[in-house]
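Engineer: Okay, here's what each chain looks like letter by letter:
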Amino acid sequence: MFGALLYLRLTSLRNTMLSRVRRLKQPKYLVGAIVGAGYFYLMFFRRLAAGRPSVHDQGYHGPVTVPPELLSTLLALGALILLVIVTLGWILPDQRAGLTFSEAEIAFLFPAPVRRRTLIWYKLINSQIAIMFTAAIITLVTGSWGFLGGSALTHGIGWWFILATLNLHFMGASFAMTRLMDNGITPWRRRSAVLGLVALVALVTLAWLWRDLRAPAAADLESYRTAAAYLNTLLTSGPLPWLLRPAEFVVGPFFAPDTPAFLTALGPALLVFALHYVWVLRSEVSFEDASIAKSEKRAAKIAAVREGNWRAASGAIKARAPAFRLASTGRPEIAFLWKNLLSTFPLFRLGTLVALALVILIGGLWIDVFPGYRGLQTAASAFAMFMAGYTLFLGPQLARQDFRSDLLNTDILKTYPLRGWQVMLGEILTPVAILSSILWLALLILLLTVHFHQLGWLTPSLRLVIGLGLVPVVPVLCALQLLVPNAAALLFPAWAQTMRNRSERGIEMLGQRLIFIAGQFVVIVLALLPAAGGAALFIFITQHWIGLPAAVAVAAGGVVACLAAEVWGGLWLLGERFEKFDLSAELRP
Amino acid sequence: MIEVTGLIKRYGAFTAVRELSFTVRPGEVLGLVGPNGAGKTTTLRCLAGIIPATAGAVRIAGQDLTADPVAAKRALAFFPDEPRLFDYLTVRQHLAFVARIYGVAHHEALAQPLLEELEIADKADQLPGELSRGMKQKLAIACGLLHSPAVMFFDEPLTGLDPLGIRRMKDSILKRARAGATVVLSSHLLHLLEEVCSHVLILKKGEKIADGTLGDVSARFANGEANVSLEEIFIRATGGTES
Ligand SMILES: Nc1ncnc2c1ncn2[C@@H]1O[C@H](COP(=O)(O)OP(=O)(O)OP(=O)(O)O)[C@@H](O)[C@H]1O
Ligand SMILES: [Mg+2]
Numbered sequence: 001m002f003g004a005l006l007y008l009r010l011t012s013l014r015n016t017m018l019s020r021v022r023r024l025k026q027p028k029y030l031v032g033a034i035v036g037a038g039y040f041y042l043m044f045f046r047r048l049a050a051g052r053p054s055v056h057d058q059g060y061h062g063p064v065t066v067p068p069e070l071l072s073t074l075l076a077l078g079a080l081i082l083l084v085i086v087t088l089g090w091i092l093p094d095q096r097a098g099l100t101f102s103e104a105e106i107a108f109l110f111p112a113p114v115r116r117r118t119l120i121w122y123k124l125i126n127s128q129i130a131i132m133f134t135a136a137i138i139t140l141v142t143g144s145w146g147f148l149g150g151s152a153l154t155h156g157i158g159w160w161f162i163l164a165t166l167n168l169h170f171m172g173a174s175f176a177m178t179r180l181m182d183n184g185i186t187p188w189r190r191r192s193a194v195l196g197l198v199a200l201v202a203l204v205t206l207a208w209l210w211r212d213l214r215a216p217a218a219a220d221l222e223s224y225r226t227a228a229a230y231l232n233t234l235l236t237s238g239p240l241p242w243l244l245r246p247a248e249f250v251v252g253p254f255f256a257p258d259t260p261a262f263l264t265a266l267g268p269a270l271l272v273f274a275l276h277y278v279w280v281l282r283s284e285v286s287f288e289d290a291s292i293a294k295s296e297k298r299a300a301k302i303a304a305v306r307e308g309n310w311r312a313a314s315g316a317i318k319a320r321a322p323a324f325r326l327a328s329t330g331r332p333e334i335a336f337l338w339k340n341l342l343s344t345f346p347l348f349r350l351g352t353l354v355a356l357a358l359v360i361l362i363g364g365l366w367i368d369v370f371p372g373y374r375g376l377q378t379a380a381s382a383f384a385m386f387m388a389g390y391t392l393f394l395g396p397q398l399a400r401q402d403f404r405s406d407l408l409n410t411d412i413l414k415t416y417p418l419r420g421w422q423v424m425l426g427e428i429l430t431p432v433a434i435l436s437s438i439l440w441l442a443l444l445i446l447l448l449t450v451h452f453h454q455l456g457w458l459t460p461s462l463r464l465v466i467g468l469g470l471v472p473v474v475p476v477l478c479a480l481q482l483l484v485p486n487a488a489a490l491l492f493p494a495w496a497q498t499m500r501n502r503s504e505r506g507i508e509m510l511g512q513r514l515i516f517i518a519g520q521f522v523v524i525v526l527a528l529l530p531a532a533g534g535a536a537l538f539i540f541i542t543q544h545w546i547g548l549p550a551a552v553a554v555a556a557g558g559v560v561a562c563l564a565a566e567v568w569g570g571l572w573l574l575g576e577r578f579e580k581f582d583l584s585a586e587l588r589p
Numbered sequence: 590m591i592e593v594t595g596l597i598k599r600y601g602a603f604t605a606v607r608e609l610s611f612t613v614r615p616g617e618v619l620g621l622v623g624p625n626g627a628g629k630t631t632t633l634r635c636l637a638g639i640i641p642a643t644a645g646a647v648r649i650a651g652q653d654l655t656a657d658p659v660a661a662k663r664a665l666a667f668f669p670d671e672p673r674l675f676d677y678l679t680v681r682q683h684l685a686f687v688a689r690i691y692g693v694a695h696h697e698a699l700a701q702p703l704l705e706e707l708e709i710a711d712k713a714d715q716l717p718g719e720l721s722r723g724m725k726q727k728l729a730i731a732c733g734l735l736h737s738p739a740v741m742f743f744d745e746p747l748t749g750l751d752p753l754g755i756r757r758m759k760d761s762i763l764k765r766a767r768a769g770a771t772v773v774l775s776s777h778l779l780h781l782l783e784e785v786c787s788h789v790l791i792l793k794k795g796e797k798i799a800d801g802t803l804g805d806v807s808a809r810f811a812n813g814e815a816n817v818s819l820e821e822i823f824i825r826a827t828g829g830t831e832s
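Residue numbers (the numbering used here), protein chains in the order written: chain A, 1 to 589; chain B, 590 to 832.
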């Protein structure tokens, strides 16, 4: 039987790989793979091969390694973190043990004459693939953390020990907790018991250490060496070393500075791993029920997160009232705004916007009256700048209540009596509304709080004109940006689809993602260039004739018109593509 | 009225539908039958304007689907085999959305009887996630019927319904056909098709093997026998293992 399971695993893996390779015949995937591989090479492999430190190790210059006394502190600290994680694993769960099986696995394996132990085995083997991959990736990304000593290989194996043992531990813990639950011990009773135990251990340790314990003095914090020494005395006195020992065994290989130390650390690490392994295989709890519930929930949740619907991910979807009343007749695009608003937070509605604007307005005017609070103005404007930048650049990736989350409903959308561009326009309205509202609020804050006292030409009236001029620019700019991810969903639906389908990841996906992030910037720059250039030229030439404020106002109108024309062109192109689009054909491997 | 001439659909080098031509008049119900993979779903998706045909012309209620897709789509409704719904909209909100898309004025007056006819009126404020598969299908049907389409395409409409649901579905289709709607439906449940369809079209590997009224097609494959079931005809026509 186990052979069959292994066969299932390996053939799935092979077929996935094959379909991936076959897909590279399509140029869009090939280009993605090349860019992704190049990125990977530049970011990680080259550095590893050259043995150079990674950008992540800030403060590390040259071949300095951590001094041995610090290393033991780090080891103890690592063990402590591991212990905390493990303890949390005993406190947090509130459900019966469930190994996560895919829905297909459940349909095929659970009714099959397979022993439970074999299923656990299968799951363990299965998770090994993910664990090894993760260990390799972490090692690559951290550039092997040369300052710890050791090599990429010892660190990779070290990570594997940590992840694999944790995996086993959580599995065993979840079985044990299930058994407790079956014996009528509720999660809350278990939690209080675990917390009580933790408190008891902490108390005993504290009492033990009472004599030697002292709060860190200024001298201890003078340099990292003295701080480490202080930490070291704390961690190596009393019962703490004994408590930490098993966890230290697990992180030992990772922290081994050289090969002999690594080999010595292997033994204890293997022992802990083996003990866990035996423990897990011996605990046979009926996990099937829980697994089924879990896999359904997981599928729904993953789908939701991939769609950017944090609302669904954070719990069951609940019916609720729409943001506004939808009349039966009128522009059909508004129907999409109405529909997609229902899939976001209930806060996103006109009333909230108006209320926030009023609060900001009153607050801003109020601060203006009391010069003592000028500091607040600086803080508020800095906050608003940050908010605006974040919304402008990351907003389109986060607010996904558009075609990206409606991809699977394409067939139904296509039967509607609408042109492609109408569907596309309707779909982007919700994120445009959300992002524009945030940007408008940021603009309002900036308008109220920024005072360039040193810039004489920036008169209050001019400031107002600039602010008002930006108001209509904001939504068109947002729309322009949102065209890029929506175009991505239309051109690479398989890619957009993988955002919800966790099993599909790969270098070509990474490459495509990079292409789109870069693409978004390029589109914005290219789209803004003519408009901004024209506006600057116009202001420069006409300001002497009609005055600066009027020139700015007219230029803003020009920018809006120009960007709107670009948005319209983009929507039209996307619409053409939408009308020729066949989702079922695209989603075939 | 549906007029199809020379419809061809290719997926790359693979031809899923070859040179299909037929006409369905108002009041007729055409049953599209054929083995798995014969091209029924592909045909229906082409007719509903979901995927562009590779070649051929389709006219829906007199409107050319390629030349004026909006006018043609205004007259049609497509019901996929797997109901596609919006996760965040309740039953009632679905209808409000669809009403706005089609510009159905005062849709509440139409929606309520429709929900009652389909027996999901008591679920009006629930989300699709809370509905059973059959109820989801009913909701999809309610959405499609709201704008009183003249032409309807059903892909496997009877699968997944309970016996009573099947009877209601059949009655519902027949009622709309009698009221002048043009209906095309695909199904593998041949004994049920016999009760609903006035015409059948047998497809095999994308090719039309036979079409006409139930009587015509039976006569062609009956070899003079009387009372041959559609199932028997299907097996003879598609060269199934039985013959
Ligand atoms: N997007 C696609 N790309 C390539 N081939 C496709 C695509 N969609 C369908 N096909 C192929 O076209 C043929 C017809 O498929 P279709 O779904 O229309 O069959 P069907 O008659 O509806 O079958 P069933 O009775 O199983 O529903 C099949 O061979 C199928 O593999
Ligand atoms: Mg089909």
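These aren't lab readings, by the way, just hints derived from the structure by calculation. Warning: the hint list may mix true and false statements.
[What the hints assert, rightly or not] A short list of chain A residues far from chain B (calculated; beta carbon distances all over 12 Å):
#1 4
#2 37
#3 92
#4 204
#5 332
#6 409
#7 491
#8 533
[Said to hold, decoys possible] Straight-line alpha carbon distances no greater than 20 Å define the calculated SDA-like cross-link-like pairs of lysine to any residue that follow:
#9 318(A) - 720(B)
#10 25(A) - 583(A)
#11 580(A) - 657(B)
#12 580(A) - 611(B)
#13 318(A) - 348(A)
#14 318(A) - 820(B)
#15 25(A) - 601(B)
#16 793(B) - 655(B)
#17 580(A) - 624(B)
#18 580(A) - 793(B)
#19 580(A) - 720(B)
#20 797(B) - 611(B)
C-beta atoms are modelled at their ideal positions from N, C-alpha and C, and glycine is treated no differently.
Engineer: Would you mind marking each hint as holding or not holding in the structure?
Structural biologist: Now for the hints, and whether the structure bears them out:
With a cut of 12 Å on Cβ distances, residue 4(A) stays outside the contact zone with chain B, its closest approach being about 27 Å. Even its closest Cβ contact with chain B, about 27 Å, leaves residue 37(A) beyond 12 Å, as expected for a residue assigned away from the interface. Non-interface status of residue 92(A) relative to chain B is upheld: no Cβ of that chain comes within 12 Å, the nearest being about 26 Å off. Every CB of chain B is more than 12 Å from the CB of residue 204(A) (nearest about 50 Å), matching its label as outside the interface.
Not every CB of chain B is more than 12 Å from the CB of residue 332(A) (nearest about 5 Å), against its label as outside the interface. Non-interface status of residue 409(A) relative to chain B is broken: a Cβ of that chain comes within 12 Å, the nearest being about 5 Å off. With 12 Å as the threshold on Cβ separation, the claim that residue 491(A) sits away from chain B holds: the shortest Cβ distance comes to roughly 17 Å. Separation of residue 533(A) from chain B is adequate, the least Cβ-Cβ distance of about 38 Å exceeding the 12 Å criterion.
A threshold of 20 Å between alpha carbons decides the hint, and for residue 318(A) with residue 720(B) the separation of about 13 Å falls inside it, so the pair holds. For the hint pairing residue 25(A) with residue 583(A), the CA-to-CA distance comes to about 19 Å; that is within 20 Å, so the pair holds. At most 20 Å may separate the alpha-carbon atoms for a hinted pair to count; residue 580(A) and residue 657(B) meet this at roughly 15 Å. Only pairs whose Cα atoms come within 20 Å are accepted, and residue 580(A) paired with residue 611(B) is rejected, the gap being roughly 24 Å.
Our distance criterion of 20 Å between C-alpha atoms is met by residue 318(A) and residue 348(A), whose separation comes to about 16 Å. The suggested pairing of residue 318(A) with residue 820(B) is violated, with an alpha-carbon distance near 46 Å, which exceeds 20 Å. A distance of roughly 14 Å separates the Cα atoms of residue 25(A) and residue 601(B); the hinted pair therefore holds under the 20 Å criterion. Note on residue 793(B) and residue 655(B): the hinted pairing is violated, with a Cα-Cα distance of about 26 Å set against a maximum of 20 Å.
Annotation: proposed proximity of residue 580(A) to residue 624(B) is violated, straight-line Cα distance about 27 Å (limit 20 Å). At most 20 Å may separate the alpha-carbon atoms for a hinted pair to count; residue 580(A) and residue 793(B) exceed this at roughly 26 Å. Annotation: proposed proximity of residue 580(A) to residue 720(B) is violated, straight-line Cα distance about 32 Å (limit 20 Å). Annotation: proposed proximity of residue 797(B) to residue 611(B) holds, straight-line Cα distance about 9 Å (limit 20 Å).
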